[in-house]
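Order-wise, the sequence lines are chains E, U and D.
Every letter in the first sequence is one number past the one before it in our numbering, and letter 48, counting from 1, is 48.
Each position in the second sequence, counted from 1, maps to that position plus 1000 in our numbering.
Each position in the third sequence, counted from 1, maps to that position plus 2000 in our numbering.
Be aware that one or more of the hints could be misleading.
Unchecked claim - Not everything, but these chain D residues come out facing chain U in the computed CB check (under 7 Å):
no.	residue
1	I2027
2	Y2066
3	S2070
4	G2084
5	I2105
As the list claims (entries may be wrong) - From chain D, some residues computed to sit far from chain U (all C-beta separations above 12 Å):
no.	residue
6	E2014
7	Q2028
8	A2036
9	D2076
10	T2077
11	G2106
12	A2146
If you're looking for bench data, these hints aren't it; they were derived computationally from the structure.
The beta-carbon is built from N, C-alpha and C at its ideal position, and this holds for glycine as well.
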Amino acid sequence: MPTLTVNGRKVTVDADASLLEACRKAGADVPTLCNFDGLEPWGGCRMCVVDMSLASWDDDWFKMVTSCNHPVEEGMTVVTDSERVLATRRVVLDLLLARCPDTPLIQQLAREHGIEATSYERNPEPTDCILCGLCTRVCDHIGISAISSVGRGWGREIAPPFNEPPPDCVGCLACAEICPTGHITFTTSSLSRTIWGKDFEMLRDEKTGEAVITRAQAEHFAKRSGVPASYFEKSDRSKRRELAKTFEKLQVLK
Amino acid sequence: MRIESFDQFAAFQAEATVRDESRSRKILVCCGTGCLANGAKAVAEAFAHEIAERGLDTELKLGVTSTGCHGFCERGPLVVIQPEAILYTKVKPRRVPDIVEKTVIGGEVINGLLYKDPSSKQRIETYDEIPFYANQVRVAMRNIGRIDPTDLMDAVAHGAYAGLAKALSGMSPDEVLDEVEVSGQRGRGGAGFSTARKWRSCKAAAGDRRFVLCNGDEGDPGAFKDRSIMEGDPHSVLEGMAIGAYALGAHEGFIYVRDEYPLAVVNLQLAIAEARKAGLLGENIMGSGFDFDVKISRGGGAFVCGESSALMRSIAGKTGEPRAKYVHSTAKGLFDLPTVLNNVETWAGIGAIIANGGAWFASMGTEKSKGTKAFSLVGKVKNTGLIELPMGTSLRHIIYDIGGGILKDRPFKAVQTGGPSGGCVPEELLDLPVDYEKLTEAGSMMGSGGMIVMDDRTCMVDVARYFLAFLTEESCGKCVPCREGLKQMLAIYDALVEGRGREGDIEKIETLAACMQLGSLCELGKSAPNPVLSTLKYFRSEYQAHIEAKACPAGICRALTAFEITEDCDGCHACTKVCPTDAISGEKKKLHVIDHDACISCGACLDICPTESIRTLPKVELAQREVV
Amino acid sequence: MAEHPCVDLSTTEEILAHYPHEEPSLIQVLQDVHRAYNYLPCDVLVRVAEVLEVPLAKVFSVSTFYKAFSLEPQGDTIIKVCMGTACHIRGAGQLVEELQRELGIGADETTEDFTFTVKTVNCVGACAMAPVMIVGEKYCGQAKPARMASYLAEGGNDED
Chain E
1 MPTLTVNGRK VTVDADASLL EACRKAGADV PTLCNFDGLE PWGGCRMCVV
51 DMSLASWDDD WFKMVTSCNH PVEEGMTVVT DSERVLATRR VVLDLLLARC
101 PDTPLIQQLA REHGIEATSY ERNPEPTDCI LCGLCTRVCD HIGISAISSV
151 GRGWGREIAP PFNEPPPDCV GCLACAEICP TGHITFTTSS LSRTIWGKDF
201 EMLRDEKTGE AVITRAQAEH FAKRSGVPAS YFEKSDRSKR RELAKTFEKL
251 QVLK
Chain U
1001 MRIESFDQFA AFQAEATVRD ESRSRKILVC CGTGCLANGA KAVAEAFAHE
1051 IAERGLDTEL KLGVTSTGCH GFCERGPLVV IQPEAILYTK VKPRRVPDIV
1101 EKTVIGGEVI NGLLYKDPSS KQRIETYDEI PFYANQVRVA MRNIGRIDPT
1151 DLMDAVAHGA YAGLAKALSG MSPDEVLDEV EVSGQRGRGG AGFSTARKWR
1201 SCKAAAGDRR FVLCNGDEGD PGAFKDRSIM EGDPHSVLEG MAIGAYALGA
1251 HEGFIYVRDE YPLAVVNLQL AIAEARKAGL LGENIMGSGF DFDVKISRGG
1301 GAFVCGESSA LMRSIAGKTG EPRAKYVHST AKGLFDLPTV LNNVETWAGI
1351 GAIIANGGAW FASMGTEKSK GTKAFSLVGK VKNTGLIELP MGTSLRHIIY
1401 DIGGGILKDR PFKAVQTGGP SGGCVPEELL DLPVDYEKLT EAGSMMGSGG
1451 MIVMDDRTCM VDVARYFLAF LTEESCGKCV PCREGLKQML AIYDALVEGR
1501 GREGDIEKIE TLAACMQLGS LCELGKSAPN PVLSTLKYFR SEYQAHIEAK
1551 ACPAGICRAL TAFEITEDCD GCHACTKVCP TDAISGEKKK LHVIDHDACI
1601 SCGACLDICP TESIRTLPKV ELAQREVV
Chain D
2001 MAEHPCVDLS TTEEILAHYP HEEPSLIQVL QDVHRAYNYL PCDVLVRVAE
2051 VLEVPLAKVF SVSTFYKAFS LEPQGDTIIK VCMGTACHIR GAGQLVEELQ
2101 RELGIGADET TEDFTFTVKT VNCVGACAMA PVMIVGEKYC GQAKPARMAS
2151 YLAEGGNDED
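Next comes chain E alone, as it looks inside the complex (with noise of 0.2 Å):
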């Protein structure tokens, strides 16, 4: 297991750890916004940058990393609070809150930074949408993939096939759950539910007539994992209530 000097804190993780993971293993306060905990790190966001130094090179030499996909390894130095780190991710922050003027997350940083307002020309056409990439790793992540980026540079965005509704999409809400600034809209009830422009019949637990997942959901659930997809449409409550009777037969047992 390798040690590290995380700002001066000796700190040892695992050797498959991320230099992000080591970072706040020692207490440092590294920000992120496109790094999710069980998702691959993408390294778009570029506000987990720190300056790293290798046990092999010059004492004075360091180089700016993501912290977030770069490898942990005996005897690194890092430092994540230096003046150019601080100064990259501050532009950053000022870049993106010309993007998104509106949203409370980037302005929230940005104050954070010491930005009230940005330095650079002003998006005419505000958006909610930061580019993390988190909702189309998430939907990638469990096996979708209805939705994904469009475009490239700066017109860039997050779209399903054609801008009409996904052919692909579940109705499972992870993109939306994940996404950090609230862009990904939708409406559920317990009937039905609509994203992306598409509409999805709920499933509702037959005994608490609570809604618990789409149809299309349980559906790719009972395809991957071969449990019958009856299984997924009991709710929590309807779980639990069984398990405590399962729990009651034991003891009348006993």
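Could you slot chains U and D onto chain E? The hints should help.
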């Protein structure tokens, strides 16, 4: 015939040489993209027709060969008559019977078709006497223009696959690696990483399956050496890759060719098919037991795919988004397997390095940059085209001796190297010897060898804006500094060229540049500020003029520039014909006038005026005049 | 996708038969499809996604990422104006303006009668003949705005 042993290969070489030497005369017609555009195909067909009609092919043992690019594209179509190496430029099909009659049969030189040296105004008879060619040393481009790229036998007669035969028959993979190390060759794609070190690092990676890739995504605007190599001598690329694969123990290769190079794709496909048929690619090459095959992957039109990780994603059928390279592609590259990616020119040099020895290559060039380097010399220079020179040649020699100086003998201003990742080198650095380190020190880079010469009629703010606009369109959009930073920087430049520049803009540009250099994910974003910073470094006063005086000193930025006609005008009407908005009026042989309200400041009149009697002035001066 | 016109899928099937049915074939297949139909019709993309077993969203993503692909039908003749550096400093911008005047369309636009589509492309590697314009398959070197009409008429190159 399939070659199944080294002896058979030697016999094939001998046969090819005999065929080549038996031709007492050869007519080489350049059929590169440039010459084809100028009608070279019709010229080649006219020769074939004329010769068949006169029955000269049997009588004189004459051969007509359609070759790859001779590099002198501006003068195309080019025709070379061997063995004298007489070079005819701008040949039209109707001149063909004349050429056959007088030169091919009669041995007489047709003066009017010869190249005229722009400086001495002298007609020059042969290829080797022309300064453009005389000063070159060709390694990667050794056979371009000399062979028919679609004829394997012709290539073999000129040495193709001799390096591969030498490696497979008498060298161990490690010996091949050692020889490449001795050559000191560094990557010809831009960054200049040592070829041998890259190969060794891949070879050390775990796993049995590995790939060799060829980067033919020559995206730098202003560079076309890789296109010419792929079109004109595709076998040199295949040979290099096969040698590399042998050294690394790889059996699969991909050539990634950009979509904009259709002829390169065709010629590579033909070359691969021919090489496979002859047993020079595929299973058991030359009976050595070594297997290697190559596939072509056509790019979809994205500059960022020249970046290694984006290129590999693109070959895998995905969008060209780079990834962090904290784990090198030599360990985890294409399909997450160990991969060596080299540029076209790098691969093309390998065969020659093995055949002639690494020491031969290392004897050319400078201490740290060995060998020769191909450049595309273009822009406002008299002789534009493709050249290959030893590393360390001075910019002055390249631009003035080979390039023949600046068009219309205007003053030189800067030379842009390295494409959008490079920078502009000013006049005071003209004596700079060109190698990787020297260009980087000057704030530019080698890149893929584009050299774009700029004269005083080039605005450096406009040039920087041009590259920003290019990159804004080409950024993949994955990381914030590149995607958003380029967009904002371009907005500042738009303001500068339109006269809306404000104090503090330069500082804003510098802050953004620092963030992009440090914070961007890949080299596209990291190097994007180079054109900006180099023009700021050497031409800061031009920026200040745009901001403070609202004037473009070069008279290029339209919103700031007005045109007027001076007393020297002889009323030739040339300008009235080219003016797109009919803003110029005046009777023939009398002084003309420009209507400033109708003029869109395009500069067409200035470019065409034979008496140089059109001048530019800042628009603000015009306004001041009206006030007075 | 009812509003899009249906296209004949048999060409697509022929193209797909030439490639292994896997993701690395995607860009190659799209290139061929684009050549055959002159754009990427959406029915074709759906079919390609199905056969290559690539999610439709990824096919759409790739189709919009690369500049060689168009999702809209294009004109019979495609005019590409090279925007490389050499062409830029030798006046490529004026060629685009002249096309705007001559045809009434800007970059990435198609004439109403679907005769021409104008595209600006990054360096085509013919820098020595800058500025360069490609009309259909024909390269026009040292192109001059004043000769635009003749380039469009015959895709002819400059005889001067």
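Hint check results:
For I2027 of chain D, the suggested interface contact is upheld, since its CB lies about 5 Å from the closest CB of chain U, less than 7 Å. Given hint, Y2066 of chain D at the interface with chain U, holds; its Cβ is 3 Å from that chain's nearest Cβ, closer than 7 Å. A hinted interface residue such as S2070 of chain D counts as satisfied when its beta carbon comes closer than 7 Å to some beta carbon of chain U; here the least separation is about 11 Å, so the hint is violated. Among the interface hints, the one on G2084 of chain D holds; its C-beta lies about 4 Å from the nearest C-beta in chain U, closer than the 7 Å criterion.
Of the supplied interface hints, the one on I2105 of chain D is violated, with its beta-carbon coming no nearer than about 16 Å to a beta-carbon of chain U, more than 7 Å. At roughly 18 Å from the closest C-beta of chain U, the C-beta of E2014 of chain D stays outside 12 Å, upholding its exclusion from the interface. Interface exclusion of Q2028 of chain D from chain U breaks down, the closest Cβ pair being 6 Å apart, not more than 12 Å. No Cβ of chain U approaches the Cβ of A2036 of chain D within 12 Å, the least distance being about 15 Å, so the stated non-interface status holds.
A cut-off of 12 Å between C-beta atoms confirms that D2076 of chain D is not in contact with chain U; the least separation is 18 Å. Residue-level check passed: T2077 of chain D sits 16 Å from the nearest beta carbon of chain U, beyond 12 Å. Once the 12 Å rule is applied to beta carbons, G2106 of chain D is consistent with being away from chain U; the minimum gap is 15 Å. A Cβ of chain U approaches the Cβ of A2146 of chain D within 12 Å, the least distance being about 5 Å, so the stated non-interface status is violated.
Violation of the numbered hints given earlier is confined to hints 3, 5, 7 and 12; the remaining hints are satisfied by the structure.
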